[in-house]
Amino acid sequence: METSRTTSRERQTAPDIQRPWEIPAADGTPLYVHVPFCEAKCPYCDFFSVAGEGQDIEGSLEALISEVERRGPRSPRTVFVGGGTPSWLSIDQLERLFGAMQSRTGYRDSAQEVTVECNPESLDEEKARALVELGATRLSIGFQSLRPETLELFGRVHGVDDSFAAFQAARAAGVAAVSVDLIFGAEGQTVGEWREDLTRVLDLKPEHLSCYGLTFEEGTLFTRWLEEGRIERIPEEEELELFRATRELTSTRGYHAYEVSNFCLSGHECHHNLNYWRNGPYVGIGPGAASYVSGTRFGNPRSLEAWRRGAKGGEASLPWSETLNPSHRLAETWWLGLRLAEGLDASAAREHCGVSASEDLCLPEARQLAEEGLLVERGGRWRLTGEGLELADAVSGRLLATGLA
Amino acid sequence: MQTERIRNFSIIAHIDHGKSTLADRMLEHTGAVQRREMRDQLLDDMELERERGITIKARAVTIEHEVDGETYQLNLIDTPGHVDFSYEVQKSMQACEGALLLVDASQGVEAQTVANAYLAVEQDLEIIPVLNKIDLAHSRPDEVAEEIEHSLAIDASDALAVSAKSGEGVGAVLDRVVREIPPPEGDLDAPLQALIFDAVYDEYRGIIVYLRLFNGVLTKRAMTRMLGTGKVYEAIEIGKFSPNMTKCDELRAGEVGYLVSNIKSLGDVRIGDTLTINKGPEVEMLPGYKEPVHMVFADFYPTNPGEFEALRDALETLSLTDSSFSFHPETSDALGFGFRCGFLGLLHMEIIQQRLEREHDMDMIQTAPSVTYMIRKAGGEEEMIRSPGQLPPRDHYEELLEPIARVSMLVPTEYLGNLMQISVDHRGTFVRQDHLSPTRVQVEFDMPMGEIIYDFYDKLKSATRGYGTLNYEVTGFNADDLVKLQILVNGDEVDALSCIVHRSQADMRGRAVLKKLRKEIPRHMFEVRLQAAIGSKIIARESIAALRKDVTAKCYGGDITRKRKLLEKQKAGKRRMRQVGNVDIPQKAFLSVLGGDDK
Numbered sequence: 001m002e003t004s005r006t007t008s009r010e011r012q013t014a015p016d017i018q019r020p021w022e023i024p025a026a027d028g029t030p031l032y033v034h035v036p037f038c039e040a041k042c043p044y045c046d047f048f049s050v051a052g053e054g055q056d057i058e059g060s061l062e063a064l065i066s067e068v069e070r071r072g073p074r075s076p077r078t079v080f081v082g083g084g085t086p087s088w089l090s091i092d093q094l095e096r097l098f099g100a101m102q103s104r105t106g107y108r109d110s111a112q113e114v115t116v117e118c119n120p121e122s123l124d125e126e127k128a129r130a131l132v133e134l135g136a137t138r139l140s141i142g143f144q145s146l147r148p149e150t151l152e153l154f155g156r157v158h159g160v161d162d163s164f165a166a167f168q169a170a171r172a173a174g175v176a177a178v179s180v181d182l183i184f185g186a187e188g189q190t191v192g193e194w195r196e197d198l199t200r201v202l203d204l205k206p207e208h209l210s211c212y213g214l215t216f217e218e219g220t221l222f223t224r225w226l227e228e229g230r231i232e233r234i235p236e237e238e239e240l241e242l243f244r245a246t247r248e249l250t251s252t253r254g255y256h257a258y259e260v261s262n263f264c265l266s267g268h269e270c271h272h273n274l275n276y277w278r279n280g281p282y283v284g285i286g287p288g289a290a291s292y293v294s295g296t297r298f299g300n301p302r303s304l305e306a307w308r309r310g311a312k313g314g315e316a317s318l319p320w321s322e323t324l325n326p327s328h329r330l331a332e333t334w335w336l337g338l339r340l341a342e343g344l345d346a347s348a349a350r351e352h353c354g355v356s357a358s359e360d361l362c363l364p365e366a367r368q369l370a371e372e373g374l375l376v377e378r379g380g381r382w383r384l385t386g387e388g389l390e391l392a393d394a395v396s397g398r399l400l401a402t403g404l405a
Numbered sequence: 001m002q003t004e005r006i007r008n009f010s011i012i013a014h015i016d017h018g019k020s021t022l023a024d025r026m027l028e029h030t031g032a033v034q035r036r037e038m039r040d041q042l043l044d045d046m047e048l049e050r051e052r053g054i055t056i057k058a059r060a061v062t063i064e065h066e067v068d069g070e071t072y073q074l075n076l077i078d079t080p081g082h083v084d085f086s087y088e089v090q091k092s093m094q095a096c097e098g099a100l101l102l103v104d105a106s107q108g109v110e111a112q113t114v115a116n117a118y119l120a121v122e123q124d125l126e127i128i129p130v131l132n133k134i135d136l137a138h139s140r141p142d143e144v145a146e147e148i149e150h151s152l153a154i155d156a157s158d159a160l161a162v163s164a165k166s167g168e169g170v171g172a173v174l175d176r177v178v179r180e181i182p183p184p185e186g187d188l189d190a191p192l193q194a195l196i197f198d199a200v201y202d203e204y205r206g207i208i209v210y211l212r213l214f215n216g217v218l219t220k221r222a223m224t225r226m227l228g229t230g231k232v233y234e235a236i237e238i239g240k241f242s243p244n245m246t247k248c249d250e251l252r253a254g255e256v257g258y259l260v261s262n263i264k265s266l267g268d269v270r271i272g273d274t275l276t277i278n279k280g281p282e283v284e285m286l287p288g289y290k291e292p293v294h295m296v297f298a299d300f301y302p303t304n305p306g307e308f309e310a311l312r313d314a315l316e317t318l319s320l321t322d323s324s325f326s327f328h329p330e331t332s333d334a335l336g337f338g339f340r341c342g343f344l345g346l347l348h349m350e351i352i353q354q355r356l357e358r359e360h361d362m363d364m365i366q367t368a369p370s371v372t373y374m375i376r377k378a379g380g381e382e383e384m385i386r387s388p389g390q391l392p393p394r395d396h397y398e399e400l401l402e403p404i405a406r407v408s409m410l411v412p413t414e415y416l417g418n419l420m421q422i423s424v425d426h427r428g429t430f431v432r433q434d435h436l437s438p439t440r441v442q443v444e445f446d447m448p449m450g451e452i453i454y455d456f457y458d459k460l461k462s463a464t465r466g467y468g469t470l471n472y473e474v475t476g477f478n479a480d481d482l483v484k485l486q487i488l489v490n491g492d493e494v495d496a497l498s499c500i501v502h503r504s505q506a507d508m509r510g511r512a513v514l515k516k517l518r519k520e521i522p523r524h525m526f527e528v529r530l531q532a533a534i535g536s537k538i539i540a541r542e543s544i545a546a547l548r549k550d551v552t553a554k555c556y557g558g559d560i561t562r563k564r565k566l567l568e569k570q571k572a573g574k575r576r577m578r579q580v581g582n583v584d585i586p587q588k589a590f591l592s593v594l595g596g597d598d599k
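Line order of the protein sequences matches chains A and B.
The first sequence begins at 1 in the numbering used here and counts up one residue at a time.
The second sequence begins at 1 in the numbering used here and counts up one residue at a time.
These are computed hints drawn from the structure, not numbers from a lab.
Treat the hints with care, since some could be wrong.
As the list claims (entries may be wrong) - Below 25 Å or equal to it, Euclidean Cα-Cα: the simulated SDA-like pairs (lysine to any residue) are: (1) B:Lys554 x A:Thr252; (2) B:Lys563 x A:Thr215; (3) B:Lys565 x A:Glu227; (4) A:Lys41 x A:Glu228; (5) A:Lys41 x B:Arg562; (6) B:Lys563 x A:Pro319; (7) B:Lys554 x A:Leu240; (8) B:Lys588 x B:Met525; (9) B:Lys554 x A:Thr223; (10) A:Lys41 x B:Tyr556; (11) B:Lys565 x A:Glu387; (12) B:Lys549 x A:Val376; (13) B:Lys563 x A:Thr252; (14) B:Lys569 x A:Lys205; (15) B:Lys569 x B:Arg358; (16) B:Lys565 x A:Thr215; (17) B:Lys240 x B:His65; (18) B:Lys554 x A:Pro281; (19) B:Lys554 x A:Ala100; (20) A:Lys205 x B:His294.
Unchecked claim - Each pair of labels, with its calculated beta carbon distance range: (21) A:Ala341 x B:Phe526: 21 to 27 Å; (22) B:Glu359 x A:Lys312: 47 to 53 Å; (23) B:Arg312 x A:Gly354: 38 to 44 Å; (24) A:Ala370 x B:Ile534: 37 to 43 Å.
All C-beta atoms, glycine included, are put in the ideal place defined by N, C-alpha and C.
Here chain A stands alone, though its shape is the one from the complex (with noise of 0.2 Å):
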């Protein structure tokens, strides 16, 4: 493996190696700006983000938009502000950032979309007006339950009604497009009442809609209590019924299942994401952002302190990189492309990476996949198949086990 952690000492005795910081990326490259703050943490989540109360919201503005002035990608093709909650920023807060975008990467121009991620609590008409103002052209608006006592299990601050009024806030802004963030697979969540909730959210008619899979992230206090035994995992066989009804239900409403999690009316994917299953290059700005730049993957700190002192043009210690060989490249690029529909056109694949026919060691253990009924290749195109999708971990294990051999 090529991962290597970024020390001073080695950046000492390699003088010759760029530092991932200053790596220059090129015109036209995705921005991701990550808003490291919520009202509060969920139990769930393994994003870096802190509750903002008490916090120097300020000083991690500014340092922000000095890393956006820094870092910034000239004329990105998206931007995606993620987080945390970025919309609980103020509308002062919000223009600052997004003006310092716009002067450093003129996105404005460039973007064909501009998503910001939304909580129900902090999106009212006005804020939601304010993002149009600023060039959005998506808004992303975590509803993740539509049951209050799930709401209370998953630590959110917001109620059921708080989500449709965000969501007609969104509308009324006239906002491009809107998406819904859902968390299926809760304990004690029935089929039936996933599809009755699924149902009400397809009524507001999304041009986008995330349903994930509750996960339990290392490090996270679900994980915790899960190992204490305060909560439970549904079974395997009640976990695949609530997929297999997610990707019925949106079918039958006319969505495209364009990724494991992501489902669109026509022509409204996420570019941006796209991007990432396509393993395209990103530039992360903000605390615990990744970014992706000439073949380099490396993370910014995820501590607010060690990230600003970077950010503002102090020594940054990188928590960790990568640079994988073409090969590893390769068999990342597979795995990747195999969550979308489109699937992964393999030969663009090997020239992208540089490497030939003969040396895609993923390719004879794609076609046994084949065999075994879980990969089909159509066109030079290798998708999952329905059984494929459903153990797409297992599939890729396999393929990365074999690509990196």
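Start from chain A and add chain B according to the hints.
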């Protein structure tokens, strides 16, 4: 040093009775080691020994002690106490004239105390009983002295009382060593006759041979010859252990020391061989050791089939420092090419396996240990069966015989009932019992070796709350109604999982193995069927449900590296698995045939 001023002795004890601690105190007492250099278990320099708090290999050390104004050279040869290492104990004793019989004054006489004391008596050693841990509140020195007299017929009326922990009484022990253990009877003018009682391999200096000189003198630069192997080597360096290796110009009759000859070929040195001067007068071979009896066999297969030769090299190197295990190439349908290894016992097996992994960086699959069986054919012809896979079809032999051991156990009287029960449950036949004292009883059973290695030791410990100890010796073979229990994974027999069991236990064992396999084998994209069978009859079945849903819900730019690594971690976990058919079986699953508690 005159031979009259030399004393060669060892310490024999049951495990945990304080042998290594006493050795540490002796080194300190005589100033061989400064207090500040002192660390616990000084003689145990193998990493594993310190970690487990046990002595695996014998070690030698030379210390000086003054009695009545005269300085004496005391050669202490440290020995292990665990039953599996009685072979090492015997090697040590061969080089001694006397032994300290160390007994914990609160625990009393234990099974290995008896076994090792008998070895010492067989070697005609002068035995000095020493009661240890007298500082403990619940020590009972008088009763334990009585146990020694009763069980070993050794006079313990003047047994020394010490605390190896505090050092109390250690000086008196050394005085007794000087006064009571006879000096070696060597003839300095006779031709060199030295016993090779141990050897270690040093990467830079080659094989280092541990010697006890019985006659003559070995000088630096002498050309030596080993009688058994006929190999001739120059004594490039000789020296003593004080306690670190210290060079000297000559070693004399009665002394213990080492020899460095830049020997690189492992086969050239045989423990138990006799060393003399090349082209010197003929000398007789010193009485060799008893060949070690391998009680337990298990297969080692390299996880990566390409590392077969590397495993062979590692085994060869290891067999030099531990000549008491054996290895022969073996093939398994499921696991490919590997080695069938013979061990003195279960602990011995575990230690060899760990040394291979740590010192030689080997990744291995190990099969569950089993014993050697024997078949008797129609014409009376007998054949040894080293692994269940070698057992021919039932109509090819008349009888299947299993090794039987005489098991000797020492337990507090209150657990006698429990002990009887588990012994009978393990197909034991009662032989005799003997009350050593009002509170301790010695019991003997004849029991199949297969039962002992299956889980008897664990059961004994739990049935006696840890107080029961055992020692065993294989006495012969016995025919019984034994069958081969086959384990099938998705319909195919996995030979490495099969075992030979008594028919009456087959159902129970079959179910137990499948239950464990079910826990150990990960879920696959298809259902994994597990079956236990005798011949064509299925006696138990289990299944591992297919994976139904296995898909990461969220994967965005910030997660890609971490989530990819999670998937790759599953791949790393596979390193310790073997694919049988299309089923991945982890290394631990191959031990499922063993009994004992579920861990």
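Okay, the hints, checked on the actual structure:
no.: 1; hint: B:Lys554 x A:Thr252; in the structure: 23 Å, holds
no.: 2; hint: B:Lys563 x A:Thr215; in the structure: 12 Å, holds
no.: 3; hint: B:Lys565 x A:Glu227; in the structure: 22 Å, holds
no.: 4; hint: A:Lys41 x A:Glu228; in the structure: 20 Å, holds
no.: 5; hint: A:Lys41 x B:Arg562; in the structure: 21 Å, holds
no.: 6; hint: B:Lys563 x A:Pro319; in the structure: 16 Å, holds
no.: 7; hint: B:Lys554 x A:Leu240; in the structure: 16 Å, holds
no.: 8; hint: B:Lys588 x B:Met525; in the structure: 21 Å, holds
no.: 9; hint: B:Lys554 x A:Thr223; in the structure: 16 Å, holds
no.: 10; hint: A:Lys41 x B:Tyr556; in the structure: 20 Å, holds
no.: 11; hint: B:Lys565 x A:Glu387; in the structure: 24 Å, holds
no.: 12; hint: B:Lys549 x A:Val376; in the structure: 19 Å, holds
no.: 13; hint: B:Lys563 x A:Thr252; in the structure: 31 Å, violated
no.: 14; hint: B:Lys569 x A:Lys205; in the structure: 40 Å, violated
no.: 15; hint: B:Lys569 x B:Arg358; in the structure: 22 Å, holds
no.: 16; hint: B:Lys565 x A:Thr215; in the structure: 17 Å, holds
no.: 17; hint: B:Lys240 x B:His65; in the structure: 16 Å, holds
no.: 18; hint: B:Lys554 x A:Pro281; in the structure: 19 Å, holds
no.: 19; hint: B:Lys554 x A:Ala100; in the structure: 30 Å, violated
no.: 20; hint: A:Lys205 x B:His294; in the structure: 76 Å, violated
no.: 21; hint: A:Ala341 x B:Phe526: 21 to 27 Å; in the structure: 25 Å, holds
no.: 22; hint: B:Glu359 x A:Lys312: 47 to 53 Å; in the structure: 51 Å, holds
no.: 23; hint: B:Arg312 x A:Gly354: 38 to 44 Å; in the structure: 41 Å, holds
no.: 24; hint: A:Ala370 x B:Ile534: 37 to 43 Å; in the structure: 41 Å, holds
Violation of the numbered hints given earlier is confined to hints 13, 14, 19, 20; the remaining hints are satisfied by the structure.
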